[in-house]
Amino acid sequence: MIDKTLATCAAAVASVFDGATIMIGGFGESGVPGQLIEALRQQGATNLVVIHNGAGFHDFALGGLIKDGRVRKLVASFPNYPSATAFRERYLNGETALELVPQGTLIERIRAAGAGLGGFYTRTAAGTELAAGKEIRVIDGRQYVFETPLRADFAFLKADRGDRLGNLSYRYAMRNFNPVMATAANVVITEVEELVAVGALAPDDIHTPGIFVDHVVKAERHPRLFEPRHQERTT
Amino acid sequence: MTLTRDGIAYRVACDLPEGAYVNLGIGIPFLITSYLAPDKEIFIHSENGILGVGPVAAPGQEHPDLVNASKDYITLVPGSAVFDHALSFTMIRGGHLTHAVIGAAEVAANGDLANWRMPGQKVPGVGGAMDIAVGIDNLYVAMTHVTNNGQPKILTACKCPLTAPRCVKRIYTDMALIDVTPGGLLLREVAPGLSSSVVENATGAPLRIADDCREMDVPLTFNGVALRC
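Residue numbers (this note's numbering), protein chains in the order written: chain A, 1 to 235; chain B, 236 to 464.
Mixed in with the good hints, there may be bad ones.
[Claimed, not checked] Estimated spans, in silico, between C-beta atoms of each pair:
1. 141(A) - 315(B): 34 to 40 Å
2. 312(B) - 58(A): 31 to 37 Å
3. 2(A) - 312(B): 38 to 44 Å
[To be verified] With a straight-line cut-off of 25 Å between C-alpha atoms, the simulated PhoX-like cross-links for lysine-lysine are:
4. 73(A) - 134(A)
5. 357(B) - 275(B)
6. 394(B) - 134(A)
7. 357(B) - 394(B)
8. 394(B) - 73(A)
9. 275(B) - 404(B)
10. 404(B) - 394(B)
11. 134(A) - 357(B)
12. 67(A) - 357(B)
13. 67(A) - 306(B)
14. 4(A) - 218(A)
[Stated by the list, open to error] Some chain A residues near chain B, calculated using beta-carbon distances under 10 Å:
15. 76
16. 108
17. 118
18. 122
19. 126
20. 178
21. 228
Hint data in this document are derived by calculation from the structure and do not stem from the laboratory.
Don't be surprised by glycine CBs; every beta carbon is placed ideally from N, CA and C.
From just these sequences and the hints, can you work out the full model?
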């Protein structure tokens, strides 16, 4: 019997090694596998390269991992918002490097890796400094920039529901980068809010088929990954 | 008299047609959702995988997985759809969205856009701006006409790093509505009570004045919110 479930986030992240490249799903607070990242903070692997849209928040989850000095390089599209305090400090001190990638190019580079493609040409960033040093090709009279696939050793994902086969279903905007990152890493680890029996997810509702997933662990949403503004104002 | 930030948003909202699929950026563009006429069916896109963004969620009604690109907790309208980032940027880059409204640091007379790295900004960030700028045909800028220091943001050539060359079609500001045309910038409307020469003096590039240039049709207030100041 196939059983991809693990009892704890600690067990799920145990194989992460020093120097590993890790994709982390999520956009804003939604779809971020906060408990897996906290388990990685405890696990201790360092000198990491992280691929994520943003740069985490404050001093918890990805923000905490960066603050702990464990991230050598961040590959991101939008790391410059006020609550990304840990990244800001380490980046400005030259302690964490940044590869800035336009958001649509970031997801497509990940998609290309997962789909077995050697890259793609995009109009995005043509004529800007983010295309510096990259191959330019004129197609139908327009400039396109060549972008390479982006793979990782590990992907940390979050889904709403999952089963022991690794089938995943997401809720609302939680999907974001998660289903695409599921295709582009050697070891794919998913944090799910609910673990359900095989067959409980209707085939139409499975957004990530289990073939892409290695480990599934049930975890409560990281308590700091939902902070409505009205709560912030009153606390 | 000039428009408030809400006034700029109101004026843009008047121009979005029934059936538009619109990506709204952070800041003034996001305010547009408050001014869309209820009798026009317009779908708002959020880059994190939502088509059919509704109003901001009421306090206590926030859902952790319903957020927009500004990280506001939002609601969905009937007929909305959710999807992953690859499909979301297929909509953007593939030209499927009809309109985008985006903020800007600078716009050049040829339609060059600069909005991802401001002067003195130490940590860069680009988000989806470059994809939106190349992919969406009707790219409208909504911004204040000048900087906080009174310097023009509409220039002969951008000084900040470009987001994309020759992409902006129209500029809405607190002072004017300006089209980017093959013949340069065309002043179409001025804020109520403002003369075209005031707009020209606040603009760092030559302006042609349209034969039918007129005052903007923006009321003083809307639902109690000031649109002019």
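To see whether the hints hold, each was checked on the structure:
Roughly 36 Å separates the CB atoms of residue 141(A) and residue 315(B), a value that falls within the hinted 34 to 40 Å. Between residue 312(B) and residue 58(A) the C-beta distance comes to about 32 Å, which sits within the given range of 31 to 37 Å. Checked against the given bound of 38 to 44 Å, the beta carbons of residue 2(A) and residue 312(B), roughly 40 Å apart, stay inside it. Between residue 73(A) and residue 134(A) the CA atoms are separated by roughly 20 Å; this keeps the pair inside 25 Å, and the hint holds.
Of the supplied pair hints, the one linking residue 357(B) and residue 275(B) is violated, its CA atoms being roughly 42 Å apart against a limit of 25 Å. Using a Cα cut-off of 25 Å, the hinted pair residue 394(B) and residue 134(A) holds, with the two alpha carbons roughly 23 Å apart. At roughly 16 Å between alpha-carbon atoms, residue 357(B) and residue 394(B) fall within 25 Å of each other, so this suggested pair holds. Of the pairs offered as hints, the one joining residue 394(B) and residue 73(A) is violated, with about 29 Å between alpha carbons and a cut-off of 25 Å exceeded.
A C-alpha spacing of about 22 Å is found between residue 275(B) and residue 404(B), which places the hinted pair at or below 25 Å, so the restraint holds. For the hint linking residue 404(B) to residue 394(B), the alpha-carbon distance of about 19 Å falls within 25 Å, and the restraint holds. The straight-line distance between the Cα atoms of residue 134(A) and residue 357(B) is roughly 24 Å, inside the 25 Å bound, and the hint therefore holds. The straight-line distance between the Cα atoms of residue 67(A) and residue 357(B) is roughly 18 Å, inside the 25 Å bound, and the hint therefore holds.
Pair hint residue 67(A) plus residue 306(B) holds up; C-alpha atoms about 22 Å apart against a cutoff of 25 Å. Of the supplied pair hints, the one linking residue 4(A) and residue 218(A) holds, its CA atoms being roughly 11 Å apart against a limit of 25 Å. Interface hint status for residue 76(A): upheld, as the beta-carbon distance to the closest one in chain B is roughly 8 Å, under 10 Å. Proximity of residue 108(A) to chain B holds as hinted, the smallest CB-CB distance being about 7 Å (cut-off 10 Å).
With a cut of 10 Å, the hint placing residue 118(A) at the interface with chain B is violated, because the nearest CB-to-CB distance is about 17 Å. At a threshold of 10 Å, the smallest CB-CB gap from residue 122(A) to chain B is about 7 Å, leaving the interface hint in force. Of the supplied interface hints, the one on residue 126(A) holds, with its beta-carbon coming within about 7 Å of a beta-carbon of chain B, less than 10 Å. Because the beta carbon of residue 178(A) sits about 7 Å from the nearest beta carbon in chain B, less than 10 Å, this interface hint is met.
Hint on residue 228(A) holds. Least Cβ distance to chain B is approximately 4 Å, under the 10 Å limit.
Figure legend: structure checked against the earlier numbered hints; hints not met, in rising order: 5, 8 and 17.
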